[in-house]
Structure formats: structure tokens, C-alpha cells
Amino acid sequence: MNPPDRDDLVRAEFTRQAPGLQSSPEFSSLQPLDRIAALLDVQNNETVLDVACGPGIVVEHLASRASEVVGIDLTDAMLVAARERCGKVGLRNVQFDAGNAEALPYDDASFDVTVTRLSFHHFIDPGRVLDEMVRVTKLGGRLAVIDVISSEVAADSDLHNAIEILRDPSHVRMLPKSELLALFNGHGLEVMRQVEWVRPRRFDEWADLTGSPARATPLRIVVAALAKQGLSAGIDLRMEGDEPCFDHHWIGALAYRGDS
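Just so we're aligned, residue 264 is where the sequence shown starts under this note's numbering, counting upward by one.
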């Protein structure tokens with residue numbers, strides 16, 4: 264389990280970020296949400312668990328396709344936002360619980376589909392979280408991890424993650440694609456389907472989501488200097504006019520739970 268101070272850090276960061284994430288077009292954009300829905304292929308008789316559900320955006324998107332969707336998150340402010348979001352559209356087949364992804368409060372084989380979006384880079388031990396996702400998924404069920412990945416070049420990956428940590432100290436590490444797929448394989452999971460896409464990001468929009476202007480100002484100077492020096496960090500870091508910009512490379516990887 265994470266030490267208490269680690270969980271406190273995550274809660275503090277995401278309490279601050281909850282309003283921005285709830286309203287951000289970047290996280291509510293239909294195109295990536297539809298990609299996730301197509302990857303999962305949820306049926307109307309299936310139950311779904313969204314691990315580290317944040318403000319309930321994925322839960323809301325999947326609810327019309329599923330029998331029931333459960334979201335779990337460590338941060339109370341995110342759960343408040345999620346309940347408000349789904350309540351506004353009258354969803355009755357959703358549930359939100361407080362809990363830790365490393366010790367999910369559900370029985371073995373409880374869900375047909377288990378998914379997490381944009382969480383793995385916040386976990387000190389993503390393998391333990393994947394263990395829990397496997398445990399609560401039914402035999403023959405599906406598990407999916409959707410996250411931003413870093414470069415396969417170690418120096419670029421390190422620089423990318425350093426930038427992300429300066430923005431949000433609860434960030435741990437965005438994995439290269441090869442490491443994420445190896446994590447699945449190491450848990451006896453064969454990735455059967457995957458999808459990748461690229462989302463251009465502008466510095467101001469990305470930094471504003473943290474709700475910490477004092478942090479954003481010096482970070483902008485650092486990121487702009489890196490871009491002007493041609494250090495791409497594996498994310499095509501660049502200047503567009505006076506604003507630093509970059510690309511986030513996403514992956515969605517899905518595996519079936521076997522009987523091992």
C-alpha cells in the first residue's frame with residue numbers, strides 16, 4: 264500500500280484539480296471517449312468498474328452501454344463531482360465508491376469489464392493495481408488500461424516525466440509503450456486489442472488544470488527554454504508563437520482475464 268503521506272498528496276492535488284478536470288473539454292472530448300468505448304465493447308448485460316474514476320467522465324460515457332457502471336476514487340472531491348455529473352443527466356445505473364486502487368473493496372470476479380484512464384502514471388506500483396484489476400474481473404472478462412505513454416528513448420522519457428512532476432507532484436511515471444505491454448504480459452495477460460492516438464496540448468490549458476498558477480509560471484519558463492533548445496522530450500515539445508506546445512501520445516490496451 265502507498266504510505267499515508269502519499270495518499271494525502273494525491274488527495275490534495277486532485278481536490279485542487281477537480282473543478283478543472285470536471286469542466287475541461289480535453290477530458291470530455293467525445294472522440295477519445297468513443298475510442299475507449301469501442302475498445303471495451305461493453306454489452307448491455309455487463310457490469311463495469313472504472314478505477315480512479317475522477318469526475319466520472321468515463322462512467323457517464325459507458326453508462327448507456329452497460330447494465331451498471333461503478334466508479335472508485337481516492338479523492339472525495341472527485342466523487343462529489345462524479346455524482347453531480349451523472350446526477351445531472353439522470354443516470355440510475357451508476358455508483359461511486361471511495362477507495363484505494365491497490366486494495367479494491369470488491370469481491371473476486373465482480374465485474375465483466377475493469378478499466379482505468381489516466382491513472383497508471385500516478386501509481387508507485389502499477390503492477391499491484393493491475394493485480395487488483397485482475398482479481399475483481401470475472402473469468403473471461405476484460406481489463407483495459409488507457410494512459411499517456413512516454414518515449415522509448417530513456418533520456419526523453421525521463422525529461423518528459425520530470426516536466427510532468429514539476430506540474431503535478433502526484434505524478435510518478437508515464438511508461439513507455441513497451442513497459443506497459445510487458446506489465447500485462449508479466450501478469451499473464453495477453454493484450455488482444457490496442458488503440459493509439461495523439462492529442463496536441465497547449466501549455467496554458469495543460470498547466471491550468473492543476474489549479475496552481477504559482478507553479479505554472481516558473482514551469483512555463485522551463486518548458487519554453489527546453490523547446491527553444493530543441494529538446495523535444497519525446498513529445499514534440501515546440502513553440503507555437505509565444506506558447507509552448509507538445510503532443511500527448513495515448514494508448515488503450517485491452518486483455519481478457521484467463522483462468523491463470
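Calculated directly from the structure, the hints in this document are not laboratory data.
Be a bit skeptical, because a hint or two may be false.
As the list claims (entries may be wrong) - Pairwise CB distance ranges, derived in the manner of DEER restraints: (1) Arg-501 with Arg-298: 21 to 31 Å; (2) Gln-492 with Leu-402: 48 to 58 Å; (3) Asp-499 with Arg-398: 36 to 46 Å; (4) Leu-402 with Pro-288: 35 to 45 Å; (5) Val-352 with Arg-391: 25 to 35 Å; (6) His-434 with Ala-300: 19 to 29 Å; (7) Ala-372 with Gly-493: 48 to 58 Å; (8) Tyr-519 with Ala-477: 28 to 38 Å; (9) Glu-506 with Ala-425: 35 to 45 Å.
Unchecked claim - With a Cα cut of at most 16 Å, we get these calculated EDC-like pairs of lysine to aspartate or glutamate: (10) Lys-401 with Asp-370; (11) Lys-401 with Glu-331; (12) Lys-440 with Asp-467; (13) Lys-491 with Glu-468; (14) Lys-440 with Glu-453; (15) Lys-401 with Glu-309; (16) Lys-440 with Glu-468; (17) Lys-491 with Glu-503; (18) Lys-440 with Asp-421; (19) Lys-491 with Asp-505; (20) Lys-440 with Asp-471; (21) Lys-401 with Glu-503; (22) Lys-401 with Asp-371.
For each residue, glycine too, the CB sits at the ideal point set by N, CA and C.
Here is what the structure says about each hint:
no.: 1; hint: Arg-501 with Arg-298: 21 to 31 Å; verdict: holds (25 Å)
no.: 2; hint: Gln-492 with Leu-402: 48 to 58 Å; verdict: holds (52 Å)
no.: 3; hint: Asp-499 with Arg-398: 36 to 46 Å; verdict: holds (38 Å)
no.: 4; hint: Leu-402 with Pro-288: 35 to 45 Å; verdict: holds (38 Å)
no.: 5; hint: Val-352 with Arg-391: 25 to 35 Å; verdict: holds (34 Å)
no.: 6; hint: His-434 with Ala-300: 19 to 29 Å; verdict: holds (26 Å)
no.: 7; hint: Ala-372 with Gly-493: 48 to 58 Å; verdict: holds (51 Å)
no.: 8; hint: Tyr-519 with Ala-477: 28 to 38 Å; verdict: violated (46 Å)
no.: 9; hint: Glu-506 with Ala-425: 35 to 45 Å; verdict: violated (20 Å)
no.: 10; hint: Lys-401 with Asp-370; verdict: holds (10 Å)
no.: 11; hint: Lys-401 with Glu-331; verdict: holds (15 Å)
no.: 12; hint: Lys-440 with Asp-467; verdict: violated (27 Å)
no.: 13; hint: Lys-491 with Glu-468; verdict: violated (20 Å)
no.: 14; hint: Lys-440 with Glu-453; verdict: holds (14 Å)
no.: 15; hint: Lys-401 with Glu-309; verdict: holds (11 Å)
no.: 16; hint: Lys-440 with Glu-468; verdict: violated (25 Å)
no.: 17; hint: Lys-491 with Glu-503; verdict: holds (11 Å)
no.: 18; hint: Lys-440 with Asp-421; verdict: holds (14 Å)
no.: 19; hint: Lys-491 with Asp-505; verdict: holds (11 Å)
no.: 20; hint: Lys-440 with Asp-471; verdict: violated (27 Å)
no.: 21; hint: Lys-401 with Glu-503; verdict: violated (47 Å)
no.: 22; hint: Lys-401 with Asp-371; verdict: holds (8 Å)
Consistency note: the structure conflicts with the earlier hints numbered 8, 9, 12, 13, 16, 20 and 21.
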